[in-house]
Each structure stands twice: as structure tokens, then as C-alpha cells.
Amino acid sequence: MLAKRIIPCLDVRDGHVVKGVNFEGVKDVGDPVDFAYEYNIQGADELVFYDITASHEGRGAMLDVVRNTAKKVFIPLTVGGGIKTIDDFRDTLRAGADKVSVNSQAVQNPELISKAADIFGSQCVVVGIDAKKVSDGKWTVYINGGRIDYKLDLIEWVKQIEKLGAGEICLNSIDTDGVRGGYDIEMLNAVCDAVKIPVIASGGCGKLEDFAEAFKKTNCSAALAASLFHFKELTVNEVKSYLIKQGIPVRDVTNNLSPRLF
Amino acid sequence: MIAIIDYGAGNIFSVKNALDMLGIESVLTKDRKLIESSDAIILPGVGAFPWAMNQLKKGGLADTLKHEATKKPFLGICLGMQLLFDKGYEFEECGGLGLIPGKVDRIDEPGLTIPHMGWNKLEYNIKNCPLFDGLPGNDYVYFVHSFKAYCDNDDRNLVAYCEYGGKVPAMVWDGKFVYGAQFHPEKSGKIGLKILQNFSKLIM
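For the protein sequence lines, the chains are A and B, in the order given.
167 is the number that this note's numbering gives to position 167 of the first sequence; each next residue is one higher, with no gaps.
86 is the number that this note's numbering gives to position 86 of the second sequence; each next residue is one higher, with no gaps.
Among the clues, some could well be false.
[To be verified] If you anchor each label on the Cβ, the simulated ranges turn out as follows: (1) 56(A) / 98(B): 45 to 51 Å; (2) 86(A) / 54(B): 54 to 60 Å; (3) 108(B) / 136(A): 32 to 38 Å; (4) 110(B) / 246(A): 26 to 32 Å; (5) 31(B) / 134(A): 54 to 60 Å; (6) 123(B) / 137(A): 39 to 45 Å; (7) 98(B) / 87(A): 51 to 57 Å; (8) 249(A) / 21(B): 24 to 30 Å; (9) 72(A) / 25(B): 18 to 24 Å.
The hints are simulated quantities; they were obtained by calculation from the structure and are not laboratory data.
Just so it is clear, CB atoms sit at the ideal spot from N, CA and C, and this is done for glycine as well.
Turn these sequences into a full structure, and let the hints guide you.
Next comes the structure, spelled out in C-alpha cells:
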């Protein structure tokens with residue numbers, strides 16, 4: 001049976017992991033490669049590096065991070081943030097990323113999705129979405145880190161994304177993001193019902209029960225969390241042990257951490 | 001030395017990274033002489049079946065691979081596994097390498113999330129496959145694909161499968177040199193590294 005995935009997300013600026021709320025009081029807290037390695041040991045099923053760098057130099061630093069992580073961590077690696085062109089896709093994949101995540105750029109230039117899928121395959125094209133509720137059963141898509149309402153209907157957008165050849169959707173709810181009261185179940189269900197491709201839940205996770213709720217009440221394939229893991233409130237292992245008790249299928253790594261394997 | 005076939009497909013560096021980490025010598029190549037002089041071959045790949053076969057036919061690479069597969073350990077990964085079969089049906093009917101009897105076709109079950117993406121559990125059908133030596137059991141590996149293989153003879157060639165809207169072949173074997181993994185051992189954590197290490201031990 002296919003396991004539900006737990007995906008820690010790391011914000012990276014100029015090649016360093018940063019923690020902080022809303023860009024204020026952002027602190028450099030260490031080497032992304034070390035974080036990635038630690039999450040891998042904890043049993044993360046995938047990792048996301050989110051590049052919050054604006055500068056060209058910072059992008060180079062990000063590629064170094066990807067290169068070094070790919071030599072030590074043998075689970076799928078997604079890189080997002082600032083991807084604008086097919087060349088950005090190519091550079092990121094060549095550095096060792098398995099998937100590339102696009103957000104605002106895909107909204108403004110949907111062709112980026114189809115071109116990338118044609119050249120590199122759908123499996124490596126993730127479309128990140130920031131969306132906010134307008135009325136009952138209706139949400140719109142925001143761009144520029146959730147700052148600008150693009151007035152694009154969420155459900156129409158996810159159907160279009162699928163048609164263009166995206167392999168996966170990472171759905172972030174602006175309404176629940178940062179609130180830590182749980183994932184946006186209503187929005188997740190609406191999107192999961194509209195497409196066949198996997199949907200990753202993002203935004204709002206604050207406790208163990210929130211992971212279980214997303215998997216029990218929706219058809220999402222994975223749950224992403226950032227600060228919860230950053231601030232070491234929970235480990236991936238703790239989340240998985242809890243989910244196993246809840247009867248949710250996850251990849252249990254406690255049995256294969258044994259040194260006997262090598 | 002393991003030759004990792006570089007025919008312009010996918011993230012082949014991952015396979016190289018994994019072998020480097022294990023201390024196994026390998027080279028990325030499409031040079032026929034180098035492939036002939038290698039001790040084992042890995043055929044990786046993501047992308048479309050017809051495109052990949054076309055790439056392999058260029059410069060006679062497909063013929064070299066078919067010939068070498070009778071003499072030394074050969075592992076196809078993901079699309080590389082699918083190419084081992086007789087025929088694929090991605091966009092159009094297309095001949096494969098014909099090393100494992102069977103075909104490749106779309107995963108098509110109503111209500112199923114496609115692609116089959118993520119970690120799924122190996123269910124063993126043939127017990128003595130050397131690539132699975134020493135695995136602890138309850139073994140999850142990483143998949144990402146929208147097409148699956150159908151072996152003509154499961155009893156002979158289907159080593160392991162997983163459940164996803166029916167049986168999805170995960171590992172196939174011709175009983176001699178040719179192995180195919182639908183999952184990505186290079187992205188399957190310690191379990192995957194162990195499988196790659198087992199493969200390298202087949203080198204005589």
C-alpha cells in the first residue's frame with residue numbers, strides 16, 4: 001500500500017537555513033545539508049528546499065546546497081523558489097534535485113509547466129499554489145508569496161495545471177498558514193476531488209493530530225510542515241509513530257536504521 | 001566498474017552519487033567500447049518509452065546493451081526497467097529491448113491518483129533474488145511512474161510487486177543477469193542503497 005508522505009520544508013537564503021516569521025527577525029540557523037541529513041535520519045520521505053534568496057549569487061549558493069545534499073541524502077529532493085525559466089529547471093535538476101516547484105511564475109506563464117513537463121517529464125514538475133477563500137466553496141490563487149490576489153479560481157487553475165502536465169500539486173492555504181490550527185481540510189478536499197495527480201497539504205500544521213486529520217479527512221498524498229520540525233517541537237519519527245497508531249500507512253524507518261544493513 | 005548509461009535521460013547523477021557513497025566505481029557513458037569493457041551496466045531513465053528507445057537505437061547502443069546483458073549484471077531503473085520488456089504503449093506501440101517477456105502500459109484504474117508517486121511496500125513473489133539479500137522486511141521503496149509492466153510469466157520473472165490499484169511489478173529478473181527495478185533504489189534511502197550494493201556484489 002502506498003504510504004502517506006511526511007515532508008519537512010527548509011527555507012534557504014544565500015545557502016543557509018533561516019528561521020523566522022514573515023521575513024522579520026529571520027535568523028541564520030545553519031547548514032541546509034546538515035538539516036537535510038538529520039531529517040533523513042528521522043525518516044522524512046522527501047525534502048523541500050525553498051529558496052528565499054533574491055540575488056543571483058544566492059541562487060548559485062542554492063545549487064551548491066542541492067549538489068552537496070544529493071551526495072549524502074538518498075531520498076527525493078524538491079527545490080522551489082525563484083524558478084522562472086527552463087534553464088532554471090535544468091540547472092536545478094542537474095545539481096541533483098528530483099523535482100522543481102514553481103508557483104507565481106506558473107500562474108503568470110502557464111506554458112512553463114507544459115514546457116518543463118515535455119522536456120524533463122511530469123514527475124519532476126511540482127506546482128505550488130497559495131490560495132485563499134473568497135466565499136463558500138470558492139478560493140482564488142495568490143502570487144508573490146501570497147501577497148497579490150491574481151483573481152484566478154483555484155479549481156479552474158488546478159484542472160489547468162493537470163492538463164498542462166504537472167506531476168504534483170503543493171497546496172498552501174493562506175487562511176491556515178501560520179495559524180497552526182490544522183490544514184485547510186475543505187480546500188484540500190475541493191482540490192483532491194478536481195484532479196488525479198497527487199496533492200501535498202501545506203500550511204497550518206501545529207500538532208500531531210493535524211497530520212492525522214489531513215490524511216483521514218482528505219485524499220491528500222503528503223503533508224508538508226516547516227516550523228514544527230525547524231523548532232524541534234516534533235520529529236518526523238514522532239509524527240510517523242503517531243500516524244501508525246492511527247492506522248495511517250506510512251513508511252516506518254525504525255526497522256532499517258540498523259547498522260547491520262551494511 | 002559499472003557503466004551508467006547516459007543517453008540524455010533524467011537525473012542520472014543520483015545513481016552515480018549513490019554508487020560513490022557506497023564506494024563502488026562507476027562511470028556515466030554512452031561509449032560502446034567502455035560499456036563493453038565494464039563489469040556491470042545500469043540503465044537509468046525517466047521520460048517517455050519511444051523517445052528513450054530512439055535514443056538507445058542511435059549509434060547501435062540498443063544492440064550493444066542487448067548483447068552485454070547476456071554476459072554481465074544489468075540493472076534497469078524506472079523507465080530503464082520498462083525498456084527491458086518487449087513492447088511499450090506510451091503514445092504509440094514501440095518495441096523495447098526484449099530482455100524480459102511482457103509489455104508496458106498505462107496504469108489506469110478509476111479513482112487512483114496518477115502518477116504512482118511515493119513510498120510503497122515490496123511484496124515478494126520470488127524469494128531468492130540476490131538483490132534483496134539482507135533486507136530487514138517491511139521494505140518501502142520510492143516510486144514515481146504512470147506506466148507499469150506486465151510480465152508474460154509472473155512465476156518466472158516477477159520478483160516483487162507492490163499494491164496500487166492491483167499488482168504493480170516492482171522488481172523483475174530474467175533469472176540470470178538482467179534485473180529491472182520500477183522504483184528508484186538511488187532514492188529509496190538505506191533499503192535502496194543496500195539493493196545497489198547487492199547489485200555490485202554480482203560482479204565476478
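Right, here's what the structure says about each hint:
Roughly 49 Å separates the CB atoms of residue 56(A) and residue 98(B), a value that falls within the hinted 45 to 51 Å. Remark: the range hint 54 to 60 Å for residue 86(A) to residue 54(B) is contradicted by a beta-carbon distance near 21 Å. Between residue 108(B) and residue 136(A) the Cβ separation comes to about 34 Å, which falls inside the hinted range of 32 to 38 Å. Taking 26 to 32 Å as the suggested C-beta distance range, the pair residue 110(B) and residue 246(A) conforms, at roughly 27 Å.
Against the hinted window of 54 to 60 Å, the Cβ-Cβ separation of residue 31(B) and residue 134(A) comes to about 58 Å, which satisfies the hint. At roughly 40 Å, the beta-carbon separation of residue 123(B) and residue 137(A) lies within the given 39 to 45 Å, and the hint holds. Between residue 98(B) and residue 87(A) the beta carbons are some 37 Å apart, a value that contradicts the proposed interval 51 to 57 Å. Checking the proposed 24 to 30 Å range against residue 249(A) and residue 21(B) shows it holds: the Cβ atoms sit about 28 Å from each other.
Restraint check, residue 72(A) to residue 25(B): a C-beta distance of roughly 19 Å satisfies the suggested window 18 to 24 Å.
Checked against the numbered hints above, the structure violates hints 2 and 7; every other hint is satisfied.
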